[in-house]
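Colleague: As a plain string of letters, each chain reads:
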Amino acid sequence: MKAIVNVSLKAGVLDSQGKAVHHALDSLHFNGVSDVRVGKQIILKLDETDKEKAMADVTKMCEELLANTVIEDYEIELV
Amino acid sequence: MTKVSIVQFPGTNCEYDTQYAFEELGAKTELIWHKSESIPSDTDLLVVAGGFSYGDYLRSGAIARFSPVMKAVTEYANNGGKILGICNGFQVLTEAGLLPGALKRNDNLHFISKHHHLKVINNDNIFLKKLDNNDIVNIPIAHHDGNYFIDEDGLRELNANNQILLKYTNVNGTNLNPNGSVDSIAGISNKEKTVFGLMPHPERAMELILGSDDGRAMLQGFMEA
Numbered sequence: 001m002k003a004i005v006n007v008s009l010k011a012g013v014l015d016s017q018g019k020a021v022h023h024a025l026d027s028l029h030f031n032g033v034s035d036v037r038v039g040k041q042i043i044l045k046l047d048e049t050d051k052e053k054a055m056a057d058v059t060k061m062c063e064e065l066l067a068n069t070v071i072e073d074y075e076i077e078l079v
Numbered sequence: 080m081t082k083v084s085i086v087q088f089p090g091t092n093c094e095y096d097t098q099y100a101f102e103e104l105g106a107k108t109e110l111i112w113h114k115s116e117s118i119p120s121d122t123d124l125l126v127v128a129g130g131f132s133y134g135d136y137l138r139s140g141a142i143a144r145f146s147p148v149m150k151a152v153t154e155y156a157n158n159g160g161k162i163l164g165i166c167n168g169f170q171v172l173t174e175a176g177l178l179p180g181a182l183k184r185n186d187n188l189h190f191i192s193k194h195h196h197l198k199v200i201n202n203d204n205i206f207l208k209k210l211d212n213n214d215i216v217n218i219p220i221a222h223h224d225g226n227y228f229i230d231e232d233g234l235r236e237l238n239a240n241n242q243i244l245l246k247y248t249n250v251n252g253t254n255l256n257p258n259g260s261v262d263s264i265a266g267i268s269n270k271e272k273t274v275f276g277l278m279p280h281p282e283r284a285m286e287l288i289l290g291s292d293d294g295r296a297m298l299q300g301f302m303e304a
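These protein sequences, in sequence, are chains A and B. Under this note's numbering, the first sequence has 58 at position 58, and the numbering climbs by one with no breaks. So the number in this note's numbering is just where the residue sits in the second sequence, counting from 1, plus 79.
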């Protein structure tokens, strides 16, 4: 099983990279973009086969290391 | 004689400057490799020095915070030991939860390396007691992730407990924010005033010939317990 973890800055925390990318898109005349957020994706290959257990494990990984929950949110997708 | 122990991770590069600075002030020093599971028992001040750590993969300080020595550092902190985290050391201490908040990428996305003025906000602690509130010091900054973030409740608490140590200002003491930090914060302490963290480098401001010796008055505070 694979876990795809998306980590991004919380809503309300200024994402300066997102802002810079947005600005660049504007200058390329891509005008239909109202907001840009830049995050990171971490892909984990898991030995665990039980989805519930895997979700619990990865959640713990996110809380302890993969995300800094002071400034970041995370989403986990199991595939 | 004050004993200063300095933590060294793979990538730390300010440990020798820190050692020089404290020895100049009359301390004896010892470097502690990150694999060490204890810190010397005669330590009066533990410094988590600046530079980088473990490539700062994921986030600055995120991996370093799980290295073997950090267990001992946390234990030392919990027993009331004095800790100073400079730059990457500050990032490590926030990641470890020993200081509140977090350090984000600078708002302008640049690595900023220059002298910057700072204003002393609270000198009621061992670190800044040799300075007066509202004193201005000129100290080098050198960071990419120095943009201090804390939520509104956290900021209220910092203010209520006099935990804000230093703010970025111009030479006249007016806020001047180089990196986007909440409230122009450059350095903070924990509630108990035993753990201190700042992005600027006082250990690089020890000689007038190198631009400033304002770091002396800052670090001197630790020399008289």
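The reader is advised that the hints may include incorrect statements.
[As the list claims (entries may be wrong)] Facing chain A, from chain B, some residues (calculated, C-beta under 8 Å):
id: 1; residue: Lys82
id: 2; residue: Glu174
id: 3; residue: Gly180
id: 4; residue: Ala181
id: 5; residue: Leu287
Derived by calculation from the structure, the hints in this document are not laboratory data. Every residue, glycine too, gets a C-beta built ideally from N, C-alpha and C.
Colleague: The structure should be examined with respect to each hint, and the outcome stated for every one.
Modeller: Do the hints match the structure? See the list:
{"no.": "1", "hint": "Lys82", "verdict": "32 Å, violated"}
{"no.": "2", "hint": "Glu174", "verdict": "7 Å, holds"}
{"no.": "3", "hint": "Gly180", "verdict": "6 Å, holds"}
{"no.": "4", "hint": "Ala181", "verdict": "4 Å, holds"}
{"no.": "5", "hint": "Leu287", "verdict": "36 Å, violated"}
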